[in-house]
Structure formats: C-alpha cells, structure tokens
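Residue numbers (our numbering), protein chains in the order written: chain A, 11 to 488; chain B, 11 to 488; chain C, 11 to 488.
Careful, some of the hints might be misleading.
Taking CB as the label site, the calculated pair distances span [said to hold, decoys possible]:
id, chain 1, residue 1, chain 2, residue 2, range
1, A, ALA14, B, SER197, 50 to 56 Å
2, C, ARG324, A, TYR217, 55 to 61 Å
3, B, ARG29, A, THR69, 40 to 46 Å
4, C, ARG246, B, ALA291, 40 to 46 Å
5, C, ARG324, B, GLU36, 29 to 35 Å
6, C, GLY460, B, GLU36, 46 to 52 Å
7, A, GLY86, B, VAL192, 23 to 29 Å
8, C, GLY199, B, GLU36, 54 to 60 Å
9, C, ARG329, A, VAL100, 45 to 51 Å
10, B, ALA291, A, GLU60, 45 to 51 Å
Hints were generated in silico from the structure; no laboratory data involved.
Predicted model, so just to flag it, every value in this text is computed and none were measured.
Glycine is no exception: its CB is placed at the ideal position from the N, C-alpha and C atoms.
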Amino acid sequence: MTAATIARDPDLLLPPEPRVRAIARELYECIRGLPIVSLHGHVDAALLAEDHQFHSATTLLITDDHYITRLLVSQGVPLDAFDWRRPTAVEPLSDRDVWRTFCQYWPAFRGTPTRTWLEHELVEVLGIDREPSEETADLLFDEIAERLADPAFRPRALFERFGIEVLATTDEPWSDLSQHAVLRDASLGGDVIPTMRPDRLFEIAAYGWRAAVGEFAHAAGTDIRVLDDMLHALVRRRAEFQAAGATATDHGTPTLRVARMPDRVADELFRRALDGERIDAAEAAAFRAHLLFESAQMAATDGLVMQLHPGVLRGADRRVAARHGEDRGFDIPFAIDAAHSLRPMLEAYGFAGRFRCVLYTLDETLWARELAPLAGVYPSVFLGAPWWFHDSPNAMLRFRRAVTETAGFQNTAGFVDDTRAFLSIPARHDVARRVDAAYLAELVAAGLLGRDEALEVAVDLTVGLPRRVFRRGEEGHR
Amino acid sequence: MTAATIARDPDLLLPPEPRVRAIARELYECIRGLPIVSLHGHVDAALLAEDHQFHSATTLLITDDHYITRLLVSQGVPLDAFDWRRPTAVEPLSDRDVWRTFCQYWPAFRGTPTRTWLEHELVEVLGIDREPSEETADLLFDEIAERLADPAFRPRALFERFGIEVLATTDEPWSDLSQHAVLRDASLGGDVIPTMRPDRLFEIAAYGWRAAVGEFAHAAGTDIRVLDDMLHALVRRRAEFQAAGATATDHGTPTLRVARMPDRVADELFRRALDGERIDAAEAAAFRAHLLFESAQMAATDGLVMQLHPGVLRGADRRVAARHGEDRGFDIPFAIDAAHSLRPMLEAYGFAGRFRCVLYTLDETLWARELAPLAGVYPSVFLGAPWWFHDSPNAMLRFRRAVTETAGFQNTAGFVDDTRAFLSIPARHDVARRVDAAYLAELVAAGLLGRDEALEVAVDLTVGLPRRVFRRGEEGHR
Amino acid sequence: MTAATIARDPDLLLPPEPRVRAIARELYECIRGLPIVSLHGHVDAALLAEDHQFHSATTLLITDDHYITRLLVSQGVPLDAFDWRRPTAVEPLSDRDVWRTFCQYWPAFRGTPTRTWLEHELVEVLGIDREPSEETADLLFDEIAERLADPAFRPRALFERFGIEVLATTDEPWSDLSQHAVLRDASLGGDVIPTMRPDRLFEIAAYGWRAAVGEFAHAAGTDIRVLDDMLHALVRRRAEFQAAGATATDHGTPTLRVARMPDRVADELFRRALDGERIDAAEAAAFRAHLLFESAQMAATDGLVMQLHPGVLRGADRRVAARHGEDRGFDIPFAIDAAHSLRPMLEAYGFAGRFRCVLYTLDETLWARELAPLAGVYPSVFLGAPWWFHDSPNAMLRFRRAVTETAGFQNTAGFVDDTRAFLSIPARHDVARRVDAAYLAELVAAGLLGRDEALEVAVDLTVGLPRRVFRRGEEGHR
C-alpha cells in the first residue's frame, strides 16, 4: 500500500513529443513564478477581511465547490448530504462523513480538472501527498485539520504565499464594500478589489427584484421611483466601486442581446415592475438588454471594463434550486448568438470613449465563428478566458486554437480563475500557464513563432494582458 | 503487383509519439480480448435465429450498409444499382456487378472508418488480405463465396467466435419476440436481447401511424380506443420485453423535447389522429414530447434504460425515400438544443425511482456545452457513445476530449456499435478500444492519470460501464 | 541587432513527431511545386490586364487586405488612417506612414496566418528577409519600392513566376469581361477566367438594387420589366461568361435557404421592388431563396458550378460601412442551418442533369454535422475549402478531421485561395499543401493509409480535385 501517494509530474500537461516538451518546459519555467493577476473571481472578501481559520477539509474543499459536489451527486450522493443551510427534513452528513464520501468517489474525478486542482491543493498548498480513498479518508481529514490549525494556513497568510498581485471579487451593487476597506488598510502584499455585478437589478421579472431595488436605493442613499433614479444611482455607485479599486463590472445574462429600447417604453416597464404588475419573459429580456446598453454607455464614460458572461440556464432544475439554493451545479449552458445580439452595442460604443468589454462564453462554437472576428477588429472588444466548464486543459487548448488565428494574442484578456474556491487559485493559474506554454511550444515547433517571441507572449498572457486590458497600471498603447 | 495486399498495422490508431504509443499499446493489449458488450445495435435477430448462410459478398457487406452505399452513390453509382427490393423500372445490378463497382471505388473510402472496418472484416474475420480493386474484384467475390459456404462463417458460429457477451437488437413494440425466444433456447455463448423502439407509435402525423397502432393493439391483445389504452399496452409490452431480456428502450426523435401536455389535450389529439383528422406539425411534435415524457415515467418504474437518439432529418430526400426506401444514407443531422428541451423530464424524473437515460447526439456541439454538464450532475443521465457519423476515430477522440473534463468517465455508458452490419461488430469495438487506449495514454503521458488507473478506466469503458449502466449484472454502487 | 531577420522554417507546419514529420516532408516535397489551380478568388482582372507597377508596399500589402487592416484597427489604429477613397474629414496617412504603423504592430500578428503569408511574401516573393519593426519600417518600405520598380515584379511577371495554371476572378453579372478578353489574348502561361456573382440582383430590398437591375439590363442588351426578363437575361449572360471561360457562379447569401416560391408570388414581389415599393426582410429572404433555386435550375442545364458562401453578417457595423465602405473587416459570421435549408434544392436537383454545387461555411459546426453527410451521398455536392477566417492551418486541420471520415476526400473540391491580395496566392496554396501533407502523414502514421495512397491523395487535393470538380479538363469518372 505504498502506491497511494499523489505523484505530481513536473511536466504536467506539457506536450509529449520530447523536442516540443523541451520548448514548453523552458517557457513554463519562465512564467510559473510570476505573480497572480486575478481580475475576475468569486472569492468572498470577508474570507480575507475576517481571516478566520478554515473550519475543516470539507468546508475548505467540498461544500461550496460546485465542481466537486455536482460530480458527487452524479454518482448518487444525495443532495441532502451537504450542509447548504437550507431547510430540509434530512440531517446533512457531518463534515467528516462528507469527506469520507468524497474520498470514496475520488476515482470519479479521473480526467477532470478538479482532480488536477485538488492534487495541487493537497500537495503544493497543504503539503500532503496521500491519495484520497476510503482507507485514507480519516487520516487525511485529520492531517488537513492539523494544517488548518496552523496560522500559516489562514486566508491572509495563504494570499501572500500564493503571490497574488491583485484579486477581484464579485459584489452586489448595494455592497457597502466595508470588507474591501478593511483589506485596503491591511498589508496583504496585493490588492483585493471589488467588481460590481448588478444582475439582480436587471431582472425585472425575477422573484426578489423589488427587494433588490430597495436594498440598492438604500445603499445609494436615494429614492428610486423612476428608471432614471436607478440609472443615476448606478452611475454614482460605479464611481464608488471605482474609488474602492474596481476596474470592471460583471454581467451574467441569458443571451448576449444588448439593445436600447425607447426611453418611454423602458420607463413604463420599470414603473409596472415597481408596481408589482406582471412582466412577461419577452419584456424582461428587452429590459435587460436595455439596461446592458445603458451600462455600456456608462462604461464608455467611466472606463469600468464590462464583462459579459452569457448563455447559461441557471438553476435549471427548479426543484433543486428551491430546496438547496443556487450554484449547486444545476446550471446548463445553451447555444447563443453574438453577431446579431452585440451589434447595437458595438455600433454605438465599439469605438466610443473609454468603452471596453470582455466577452466570455460557454458556447464554444462562438470562439472562432463570432467572438474572434469581433475581438479581431473592434479595439474595445477582448476575449475572456475559457470559462467555467472550459476552465480545463483541453478547453483552453481548443480556445487558443480557435481564436488566435483570427484575433491574435493581443485581443485576449489573459487568464481569470473565476473561482469561489480560494485554495484552488494557484492550481488554476498553474494549469493555464502550463497550457499556454504547451500551445506556444507547438507554434514554435511548427515554425510559426520564434522562441523569444513565444516567451514574450507567454509573459504577456500571464500578467501583461490582464493588467493592460483591465487597466491596472500597464496601459501601454491600448 | 505484389503490393495489392491489405497491411493491417498492429499499432493501428495508436498515437505516433513512441512513449505515448508504448503506453497505449499496453492498455490496448489488456482490453483487446475482452468480451463484446453490445447493448445498442440494429442486427436483425432473425439472422442469428435462422442462421442461414450469407448469400454473397454483396449482401454480406454492401447492400444494407448505408455507410458504403451512400459513398458509392456520392461517386455517381446510381441508386438503381442496388437491389433494395423496391419497385423500380430499372433492373438492379447482379451481386457480382455491385461487388465490382464497390471494388472499383475502393479508393473513395480512404480516410473513412468504413475502410478500416472493411479491412478488419476481410483480414481478421474472413482471412483474406487481397486489396479490393477492379482487377481483384472477381477473385475476391469468389474467395468470399468460398468462405461463406463454410459452416464456420454462419452467423451463430461467428457470434461465438466474436466473443459476444450480449447483443441488443432493435424491435418494433409489436414484435412477438419469437426470434429472441429461439435464441434463448439455443446455446450461443452469449445473450441476444430485444430493445423496444416505439417511434412509430409516437408519430401521430406520420403516414402509417394508424396501421402501427392497429398492429400494436393486436400484439398487446387489447383494444386501443383512447390514449390510456395505448399507455397501458405500452406498460405491459415493456414488461414482456423485459421478461425477454430487454434492458432498454430506444427513441429516435427529431428534437430532445420531452414535456407533458395536459391529459385532456393529449387525449383529444390522440382521438383526432385515430379518427384520421389532420394533425399539424406542431401538434405532432407536442404529442411526441408528451409520449416521451410518459415513457420516462414508465422507465422510472420498470427501470428500462431510456435511450434518446435525436436530431436527424431522416429520409431528407423524399424522392429517394419514396423510390428506394428508408435508411439509404439520406439522413442529415441538424443542430438541436438539450438544456431547455430536457428540462421538464429531468425536473420530474432526474432523481426519480429507477429512471435512467442515455443521451446520444449527432450535434457534437452539445457534448461539452449541454450533455456533459447534464450527465455530470444528474445520477440518472449518461452520455451515449459517439453515434452514427461519429462512430469514427476522430469523432471518438473529440467526444472524450469534449466530455471527460466535465463529466468524467463514470457518467458515460461505454461503447455501442449501433450497426446493422453483423460482420463489422468486432471491427467497431476494436476501433473504439484502440481510440480509448490512445486517449488514456495521452492522459498518462500528460501526467494526469497513473498507468494503473488508466488500465482500470480502459476495462471499465470496455465492459464495466456498459454492463452497469444498462443494468446487466454489475450494478455496483449505481 | 542581427536577429531581426525572418527565418523561414523549411518544415513549416509539418507535425513535430520525427517519424510523422518525415512522412509529411516527403508528401509535401511531391506537391509543393505543382501548378496553382485557383478556382475561386477575388483578384481584380484589371490588375493583370493593365499590368501596372504596384504603387507601394502599402497598396501592395496593406490597404486592401482586410485581414491586415482589421487587426491594426483592433490595436487602436483609427479607420481614418487608411486611404479607402471615402469622403472623410480626416486626411489619411501617407503610404509610408501606414507602412510604419503596420511595422510597429507586427507583433500583433503573432499566431495568425496573415503573419505566415506576409513572411512568405517578403522572403519568397520579394526576396527580403528583414523583419518588420519600428526600426526597419523605412528601410523595408524603400527596399520594397525598389523591387516594385523592377519589371520582374509586375503582376503578369509574377503570375508566370507563381506557376498559376488558372485563376478565377469574381465579377458582377453586368461585367463586359473586357479585361478577360485582353488576358485571353495575352500569353500569361495560365488562364484568367471570370466567375459570375449575381448577389446584387438577388437582394430586392437592398439599397441600389434597382440600379443594379438597370446596369444588368443594359449589359444584357434587353429590357427587364418582369422577373422572366431577368431570368432570361441571366441565362444568356451565364452563357457569355461560360464562353469567356467561366466554370462557376458564386453566391454570397445570409442563409443557405434555397427554395422555390410560386411564380405568381415571385413575379409580384419583383414588380413591387421594381416599382420602388417597400419589401420587408422576410419577403426579401424568400425572394433570394427563389432566385437561388432558379440558379440551381440553370446550373443543372449549363453546368456552371454553383458556389454558396453563406452565413456572414456583412458590414455588421453600419456606421463603419457608411463611412469607410464594404470589406473593411466588419463582417461577422453567425450560426446557420444546412439540412433543412438545402433540402428543396437537393430534392429537385441533387441528381439532376449537370447540377453541381460547392458548399462553403464559416459555421464550422456544419462540417461534420451537415455538410459532410450531404457531400457524402449526393453526387452533385462538394465541400469547399475552409474559407475566410478558416483559411488558416488550425482550421484546415479541423476541416479535414471533421469531414473526411464521413465524406472521404473525393467529395471535397480542393483548395481555393479566396484572396484579393495577389501577392499572397502562393503563400496560401503553400500553407494548404503543408497542412494537407501534415494531415495525410498523420493517417499514414496511424496505419490508416499507405504512403503511396497518401501521395495520390495529396496530388489529387492539390490539382486533381479542383480541376475535376470545376470541370477544367480532367473530368474523369465524375
């Protein structure tokens, strides 16, 4: 039973052919130690502001990581096993029992990036190379508990150890940003900056919309009676986010439709929604498109980078959502259009002021067909990193192969980790760096790029582009 | 002229890089001899029940293999050449002449899986390594005839030689399953089991629907006057199929839409259709979705695995269909949706009772975007093997690369050969095993998987998963 | 500073694994010198008929190459920089200044095929291996000017040096083809033939349609008062094109919808459009589909190959189009359907007379899903080369991998360069030959194809298939 250790391959993910591997290794060695520039993610600022000890292996690694829980559920683990703080008739498992379950299903993660991240987290972050299994579950649980009791494994200590230059969080538009204020006063060795995600204000037909508007009005210190009130409040709050270090807003949206409606129609829809009248799906979609259009106009003025994350049926299983909440892994992507949907926004703002947008997609057919052609001509359009289910070696390679020929490298925005799982941040950036090194080595081996050029590009993809695209210091010629 | 032999490369389809090839070879060697578990296919049970000698090279290999005839037609061979037993004014070619035509067009098969299967069939099954060409056509025809006269080349003898553990056929819901009864009494060294495919009962606007309902009522020994009669008969007949060994049903459907309509509306539609009233396309689609929903409910109770084969415009050329019949190669896939279409079924039955479905697609954009996310969270959803046009090395690799990162291996259902061409079964499984070995070797070479793990996965993909997913004995934890 | 030279790798684009590379090299060596058969492109016949000296590096390589200008625009170069002969308030840059800008942004082209083509043009055509950069810009500009002053770099001299067997241009249906007449009388060592592209006549709702009909009527020497007049004129002009050497027509169309409308309805629409009445988008689309259907009928008679280039939102940014004209890089592809859209045309003409069509797409999901299945059964359907944004090594490889398994090689139409940039023709054919060699070498290494067969296929893809499919001499069995 000596075999049950995790063997981390130093050449992980590098191409197999020896000559190409040597080139990739050289590139990777030059970028592996660069700082982490993480300009889109979902780590809670409170985690770092409060700097509490992590509670257990389970809360650290399992409970809130829907990549993991969804695969466990697919293997038959009941949803009620997890302590998601929803009222269910069933008692959740103890942290230790969830951990045991996870270890039992370790083989189900073969071939997934989650496995790679977890191995990285165990070995490189926690210093534990024991392979999870039914037999090792308890021992591992205790070993991790031991680590977590050590102050060196508190969030802030890890933040510094990870070499994070900047970490963007995702925040409601009514957030008071107090955690960020705490973190600005702390000396973390890197910035933690907010990102405004106003989705809940844009969904006038959704349950809870009026409450969201109320909360937003309160935070903005204003009354919101007509649409203009909300737009003015948004402008002000964007400025406050910017003052707190924000470089971007983020928008989750079913489609990429961004289009103005006549002011009169928008005002009337807003009024009806505020009065609690029924808004149908088409009206809600048109209103969302309108508010995104207004957001683009604001971005052209204040320069906050507009990120669009479209094309997911979120909470696709409404029974699961009602019982267990959001972000439980029941979010299913679908096919979307970009060419027609983005046209009104780009005709209006594609060359306007400080406007800049970063486009993500879970419909990878858009990469070569629509997004690379758009990013390859509009100076304001950038391609976001492969996102969510695409945050994986194969999808990253497909992304580079699909977009580079049309958009080059300079119209991409670098890697973002997009994670809630704080411990996985270095693992995710490491995978991205390895895959970029592998891709660039292929270009060098094919005679398409010189080695010196490849190195320049590798560094640019890792730190230069995200800094420049998100306007963090290195503005350069863009 | 000594070159005209078929050279079978022992490393066929294994990756070219020597180190990766060595790993792949090792994996392949361990799985190449495993039994064939073939749980979805279209071989006629009568072939084995009657065990007649095959008639000629042409009927054995050409006439009913639309992969072959379609490519010959694309090269200008007239449809009338084939003896498809349809009334045409033109005399079909003799078997020998069709064979000559096929041999003449042998180069047109370069780069296709059909070529690989045919080479396997000639060399490995028939023991003939002569390459087809105009010059060799007659000699080959005669050599094959000689083989076929040998009792060792009768269907049952081949069945045993192929090492088939189980072979599923596809059967009309009114089949009396008498051939299967004969086969249960024979000692084949493996099972031949039926699969119910009730498509014809679900298409109320199709020509022949009323006749199908009549035939079904007769087989079920009941009257069918209202929809409930048909549903009850379906439940009973499913039980009879199950008693005859069936583990699954199969559903060819234009879209993946599965959704309940109000009983009253469904009853009324059924009545109108039975009365011969006109049903429009939208009504027919809604009724089909309703019957699929009812089928899912039945599956949740009786545990027959529900296979969905969507997204083909079957008989796309209606002139060809009218003159030459179905399954002549004029079936063209199109783009479909899964996220929205399957939602009602999965909200209702995704966690219900014994419900289990296997999803196939010819729209490969679904693999990473919709199907892997679904299979990666619902315990009842499995990814079917690359199907039809995708039953080919490149498509199989694309499949694994697209789905594994999100769904792992354990949410896939293993390989199914889906063929009418009995002789090609071992070839198809051999190609799948080689491609899986190649894919797994890549993961090992990239440091993502240990060799022992890869071997476990290879065996599981070959026999473990199909047995478990289709509930053949190895139920295990699922 | 000696490093700033362009190093052309003799093994450019060949696979990295030594054994596979050796096979690819052998294949490439056998096809690299074959004549250029260029049966779809956009070079202006006047360029060769007039044979003027090229004006400068900028007009030669930059101004009219939207692959280049779009990437410069994406980097922030203003659209007004280019001298596109549109009335703008801003003075365009001088040729030298545009060249300096291009050289400054040279790194933005890393990873794009444009870079590969430009390197080829500089080194192989112009004999200059200096790498573009801010420092070398002026020197390069002057060196190129020196070359261009040399009669050996006039268009006709280059045409002969490039080894062009045939070059097809793209021509309005009212073209008098006088340039082609001049070229027929010249001795170029190869043919320059016209291709009729009647798009402007088919768009009854577009600005300028009536003027186009007028121009066409004038060229056809007839009055066009009813639709039949135009159809008859089209038949006559097609014959005149054919007499001038044309082998094909070309059709840019938003969708692939080809379908007949009742004559009465079509006649009435035509009359309304001619009377200047408003035609809505749905009517215009139906009329376009009708004229494409009529074109297919004409093709079945006269044998001009019908090329369909669908699925682009052309001039997507109407502000840019209004100010700077068409073909400025603001053309964005979108998702389209083939299975349903082409059905009426293929049911009617798929087996009719001399009908033959070549299908291109920018929606690559069609390749494996719809186009390969269609080309793999209809003798009249061929797959066009990867087009526009897909004219790149990765997209070419994806194309072969997507279509060959279903359609083989014999149902593809060989490479077309599709370029306006005369100097890039050899570069583009060279890239295609290298990629085909690489792909075929993979098949050989995988044991799927013999070396002799691969060589036969390589030659066929390079010259045999385009000659045969476009009916240039080598008709053979097709």
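Going through the hints against the structure:
For ALA14 (chain A) and SER197 (chain B), the hinted distance range of 50 to 56 Å is not satisfied, since their beta carbons lie about 45 Å from each other. Judged by the Cβ atoms, the range 55 to 61 Å given for ARG324 (chain C) and TYR217 (chain A) is violated: they are separated by roughly 42 Å. The hinted window of 40 to 46 Å between ARG29 (chain B) and THR69 (chain A) holds, with their beta carbons roughly 41 Å apart. Our hint of 40 to 46 Å for ARG246 (chain C) and ALA291 (chain B) holds, since their Cβ atoms are close to 41 Å apart.
For ARG324 (chain C) and GLU36 (chain B), the hinted distance range of 29 to 35 Å is not satisfied, since their beta carbons lie about 54 Å from each other. Our hint of 46 to 52 Å for GLY460 (chain C) and GLU36 (chain B) is violated, since their Cβ atoms are close to 27 Å apart. Checked against the hint of 23 to 29 Å, the pair GLY86 (chain A) and VAL192 (chain B) fails, with Cβ atoms roughly 38 Å apart. In this structure, GLY199 (chain C) and GLU36 (chain B) meet the distance hint of 54 to 60 Å, their C-beta atoms being roughly 57 Å apart.
In this structure the hint that ARG329 (chain C) and VAL100 (chain A) lie 45 to 51 Å apart at CB is violated, the actual value being about 59 Å. Taken as a hint, the range 45 to 51 Å is violated for the pair ALA291 (chain B) and GLU60 (chain A), whose Cβ atoms sit roughly 59 Å apart.
Against the hints set out earlier in the document, violations occur for numbers 1, 2, 5, 6, 7, 9 and 10.
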